[in-house]
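*Asks:* Okay, here's what each chain looks like letter by letter:
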Amino acid sequence: MRMGMKSRLCGMAPWGKHFLLAALILIFVILSGSQRADALPAFARKYGLRCSACHESWPMLNYFGQKFKDNGYQLMNDKDAPIWQNPGYWPVTFRIIPIWHRISTGKVAVDAYSGGTVTGGQTIRRITSSGFDLSGLDFHTGGTLEKNFSFYVLPSSDATASFHFETVMARLDNLFGSPWLNLKLGKFELDNLLSEKRILTLTGNGGIYQLYHFTPVGDGNIFGQMGDNQLGAEVMGHSYNDRTRYSAAVLSSTDGNVGLPYGNAYTGFFTFSQAFDVGKLGVDRLGAYAMVGEAPTYYLTQGGTPLAGSGLANKSFHREGFVGQFYFGQHFDLQVVTQHGWDNAWFGQGYGDLIGGTVTGNNLPGTTLPAGSQAPTWNGVLVEPHYVYSPQLTFIGRYETIRMSRQATPGTASDLGNISTYTLGFRYNPFMTSRAGFAWHNEYNWLHQDGTGPIIGLNTSNINTSELLTGFDFDF
Amino acid sequence: MNSLKRVHFFSVILNFVLAAGISVARAQDAPDVGPHPPEPLKAMESHIGNVTGHSRDAKLDYRRYCAGCHGDLGDGNGENAVWLDPKPRDFTMATFKCRSTVTGMLPTDQDLFNTIARGLTNSNMPIWNTFTKQQRADLVAYIKTFSPRWEKEKPADPIKIPTEPPVTIESIAHGKALYTKLECWKCHGPQGKGDGPSAATLTDSKDQPIRPYNFTAGGDDSRFKCGSTNADIYKIFITGVDGTPMPSFADVIQPNDAWDLVHFLRTLQVKRHSKENEVLKAAGGKIPPYNETPSTPPASPNNSAAPASPSENRTAGGGN
Numbered sequence: 489m490r491m492g493m494k495s496r497l498c499g500m501a502p503w504g505k506h507f508l509l510a511a512l513i514l515i516f517v518i519l520s521g522s523q524r525a526d527a528l529p530a531f532a533r534k535y536g537l538r539c540s541a542c543h544e545s546w547p548m549l550n551y552f553g554q555k556f557k558d559n560g561y562q563l564m565n566d567k568d569a570p571i572w573q574n575p576g577y578w579p580v581t582f583r584i585i586p587i588w589h590r591i592s593t594g595k596v597a598v599d600a601y602s603g604g605t606v607t608g609g610q611t612i613r614r615i616t617s618s619g620f621d622l623s624g625l626d627f628h629t630g631g632t633l634e635k636n637f638s639f640y641v642l643p644s645s646d647a648t649a650s651f652h653f654e655t656v657m658a659r660l661d662n663l664f665g666s667p668w669l670n671l672k673l674g675k676f677e678l679d680n681l682l683s684e685k686r687i688l689t690l691t692g693n694g695g696i697y698q699l700y701h702f703t704p705v706g707d708g709n710i711f712g713q714m715g716d717n718q719l720g721a722e723v724m725g726h727s728y729n730d731r732t733r734y735s736a737a738v739l740s741s742t743d744g745n746v747g748l749p750y751g752n753a754y755t756g757f758f759t760f761s762q763a764f765d766v767g768k769l770g771v772d773r774l775g776a777y778a779m780v781g782e783a784p785t786y787y788l789t790q791g792g793t794p795l796a797g798s799g800l801a802n803k804s805f806h807r808e809g810f811v812g813q814f815y816f817g818q819h820f821d822l823q824v825v826t827q828h829g830w831d832n833a834w835f836g837q838g839y840g841d842l843i844g845g846t847v848t849g850n851n852l853p854g855t856t857l858p859a860g861s862q863a864p865t866w867n868g869v870l871v872e873p874h875y876v877y878s879p880q881l882t883f884i885g886r887y888e889t890i891r892m893s894r895q896a897t898p899g900t901a902s903d904l905g906n907i908s909t910y911t912l913g914f915r916y917n918p919f920m921t922s923r924a925g926f927a928w929h930n931e932y933n934w935l936h937q938d939g940t941g942p943i944i945g946l947n948t949s950n951i952n953t954s955e956l957l958t959g960f961d962f963d964f
Numbered sequence: 195m196n197s198l199k200r201v202h203f204f205s206v207i208l209n210f211v212l213a214a215g216i217s218v219a220r221a222q223d224a225p226d227v228g229p230h231p232p233e234p235l236k237a238m239e240s241h242i243g244n245v246t247g248h249s250r251d252a253k254l255d256y257r258r259y260c261a262g263c264h265g266d267l268g269d270g271n272g273e274n275a276v277w278l279d280p281k282p283r284d285f286t287m288a289t290f291k292c293r294s295t296v297t298g299m300l301p302t303d304q305d306l307f308n309t310i311a312r313g314l315t316n317s318n319m320p321i322w323n324t325f326t327k328q329q330r331a332d333l334v335a336y337i338k339t340f341s342p343r344w345e346k347e348k349p350a351d352p353i354k355i356p357t358e359p360p361v362t363i364e365s366i367a368h369g370k371a372l373y374t375k376l377e378c379w380k381c382h383g384p385q386g387k388g389d390g391p392s393a394a395t396l397t398d399s400k401d402q403p404i405r406p407y408n409f410t411a412g413g414d415d416s417r418f419k420c421g422s423t424n425a426d427i428y429k430i431f432i433t434g435v436d437g438t439p440m441p442s443f444a445d446v447i448q449p450n451d452a453w454d455l456v457h458f459l460r461t462l463q464v465k466r467h468s469k470e471n472e473v474l475k476a477a478g479g480k481i482p483p484y485n486e487t488p489s490t491p492p493a494s495p496n497n498s499a500a501p502a503s504p505s506e507n508r509t510a511g512g513g514n
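First to last, the sequence lines map onto chains Y and B. Position 36 of the first sequence, counted from 1, bears residue number 524 in the working numbering, the numbering being contiguous throughout. Position 236 of the second sequence, counted from 1, bears residue number 430 in the working numbering, the numbering being contiguous throughout.
Simulated from the structure, these hints should not be mistaken for laboratory data. Please note that a few of the clues may not be correct.
List time: in silico DSS-like cross-link candidates among lysine-lysine, alpha-carbon distance up to 30 Å [to be verified]:
hint : chain 1 : residue 1 : chain 2 : residue 2
1    : Y       : LYS635    : B       : LYS475
2    : B       : LYS327    : Y       : LYS768
3    : B       : LYS346    : B       : LYS253
4    : B       : LYS469    : Y       : LYS567
5    : Y       : LYS635    : B       : LYS281
6    : B       : LYS469    : Y       : LYS635
7    : B       : LYS327    : B       : LYS387
8    : B       : LYS387    : Y       : LYS567
9    : Y       : LYS768    : B       : LYS400
10   : B       : LYS465    : Y       : LYS567
11   : B       : LYS253    : Y       : LYS567
12   : B       : LYS387    : Y       : LYS635
13   : B       : LYS400    : B       : LYS346
14   : B       : LYS281    : Y       : LYS567
15   : Y       : LYS768    : B       : LYS348
16   : Y       : LYS635    : B       : LYS465
17   : B       : LYS327    : Y       : LYS567
18   : Y       : LYS567    : B       : LYS400
19   : B       : LYS236    : Y       : LYS768
Could you put the whole structure together from the sequences, leaning on the hints where they help?
*Replies:* As structure tokens, this is what we get:
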């Protein structure tokens, strides 16, 4: 086996050898040349704490970091207000990730050629490509305006520097002197204990939690994506040591998109969790969440164009599940999220989404659903183990699966849209200070989805996609 | 073409695995985060109730949460120390501010445990109450590995805190007189704002500037460095704050005098709701002059509770 590999490497093309050599040299240069950095991530430099104090592995929070966040980015040591900071302090951190990645997508329909011309037919091909790339750029700025007045603003761009506001919120903390009452207003991340915004993985499919964004194939409801930051207001509270937490949010049904909603519909998001001191194992937490909302399926039109604010015929949807954070000593932990999802049959038939400017179906008066239409339902679970070798090195794994339990249209393949995905990776922080963050990130993700590929000839329509990624994830 | 792609792919995988191996090796020693923690002088234990802490179990937690300020060597010279005010504790000196033991003695394990959970207000020491009891007990044991004093000496027994006498306008007045007589005002200022004539000159045992406590800052959530109850203030008078200019008054004042001083200090916290401020308000908002009669006035219809006897002792943690 080894010999086979050796002969293959010996016989590889010159560019392949150079690539291998260059990559190896790069690794050693990176690791041997790493120095303490003098950059200033916003919170760490304010309080003089290492990244590891708040992050199990940056950017994922540990319990102390979660409490800090729940306190409105305050240590509660009476030095939280800006008046205590050096006037030169500027609470800004930027984050961007130069990467190399290789994506392989199976079963892409491509035109068939013969004799140098397109025949008019199609065939199935696997497309694999690799190259250097960039993530978007995030400008994080947050902290306190005064004791118990917090804010967070996050202009975020895609890789072409096209910006939007990912987060804009202000928060009144410890109302009436109680940690049980905090009020947040703006666009913010929902109170997901396993935060997608602090996810430890970066690939296209592994860099999100599929559970947080899932909609059945053909479904028109984009409003139930608990992974997207949402516009609304949130009341949140916690015990002094953060063992007990709750939150209740009311959100515009716009999936976080700015501008007036297309209809007068709201969504609620509720969480509750309780942590337990389990001695040598650490602190384990159990919780539950529910997202219950409505969104319009019918829009008045003007010249055939749907009008903003005119949405009617609200239909409902809900997502609910459990969250578990289980720690097994200082090195190993397991994060678990389950979900049961339900969409109204109208959504299941493609009515609803107008945010992207393309309404797939407009439930005008007199419209009827196809015979036998039913509300689609599904169940899913994600399991994410972490092995924290040291505060500087964390191995990450994830298995996520979503299974349709009822399709909107009877007769549809029962597994249409089912997803399974595995992610493996590790993040290595060559240095660990309160001034900057740097992680050498390596990750592999494989995703399988049933029924969403093209059906040509005898091929099945399942799609497999894989991505390998290495990058330098840094903030300053 | 396919074989080239395969080689390409395998070379990437090889790098991936190799990188993981190198990262493991590097992360073991953490060469870029300063000097390595020395091997502990001796494995230490701590005893907090029925929880036993072991220093060996706190190594990772210390590195993750503490070393940035207190330093890998426990000498208070973490990479953030230069930016912090006040400076982080130097564990190699085994001198601790918040103790229940008499001045100059080592604190109890419980004292260190409480400090970790409580944090230190007006400093960068957070409230680490998200840790489990076991984690905190382990960290207490780990802190004890930095100084040989923990091997040679044993902590003294906690001081006894007598029952707090009732708050009266007379006790407040006597406390005010003591505040003047003991020259507390020289550091803490006449109004307790921490702006006394000596305030600007104060340094700690490592010659770092240090500011006296400002009693007037903060409202109902105000805390002192070593606690927030009246008993905690009493304890500070008796034990002193080692490593700072705040001395122990154990040999200077009697227990009831110390309680009177506590009652007066509470009235300096003008934004805080307290029984002392209620008593002061009921007395017209002015503290009457104190005359050298017995510090505890005779019982009256408004003050029928008997003064506590110094022999009516109780341990730390009481108070209001």
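*Asks:* Next, verify each hint and record whether it holds.
*Replies:* Hint by hint, here is what the structure shows:
1. LYS635(Y) - LYS475(B): Roughly 28 Å separates the two Cα atoms, so the pair holds.
2. LYS327(B) - LYS768(Y): It holds: about 9 Å lies between the C-alpha atoms, which stays within 30 Å.
3. LYS346(B) - LYS253(B): holds (23 Å)
4. LYS469(B) - LYS567(Y): holds (27 Å)
5. LYS635(Y) - LYS281(B): Roughly 23 Å between the alpha carbons, so the hint for LYS635(Y) and LYS281(B) holds.
6. LYS469(B) - LYS635(Y): Roughly 26 Å between the alpha carbons, so the hint for LYS469(B) and LYS635(Y) holds.
7. LYS327(B) - LYS387(B): violated (36 Å)
8. LYS387(B) - LYS567(Y): holds (17 Å)
9. LYS768(Y) - LYS400(B): violated (37 Å)
10. LYS465(B) - LYS567(Y): Holds: LYS465(B) and LYS567(Y) sit about 18 Å apart, inside 30 Å.
11. LYS253(B) - LYS567(Y): Measuring from Cα to Cα gives roughly 28 Å; hence the hint holds.
12. LYS387(B) - LYS635(Y): OK: LYS387(B) and LYS635(Y) at ~20 Å, within 30 Å.
13. LYS400(B) - LYS346(B): Holds: LYS400(B) and LYS346(B) sit about 23 Å apart, inside 30 Å.
14. LYS281(B) - LYS567(Y): The hint holds at about 14 Å.
15. LYS768(Y) - LYS348(B): Distance of about 27 Å is within 30 Å: holds.
16. LYS635(Y) - LYS465(B): holds (16 Å)
17. LYS327(B) - LYS567(Y): holds (26 Å)
18. LYS567(Y) - LYS400(B): Measuring from Cα to Cα gives roughly 23 Å; hence the hint holds.
19. LYS236(B) - LYS768(Y): Between LYS236(B) and LYS768(Y) the Cα gap is close to 22 Å, so the pair holds against 30 Å.
Taken one by one, the earlier hints fail for this structure at numbers 7 and 9, listed in ascending order.
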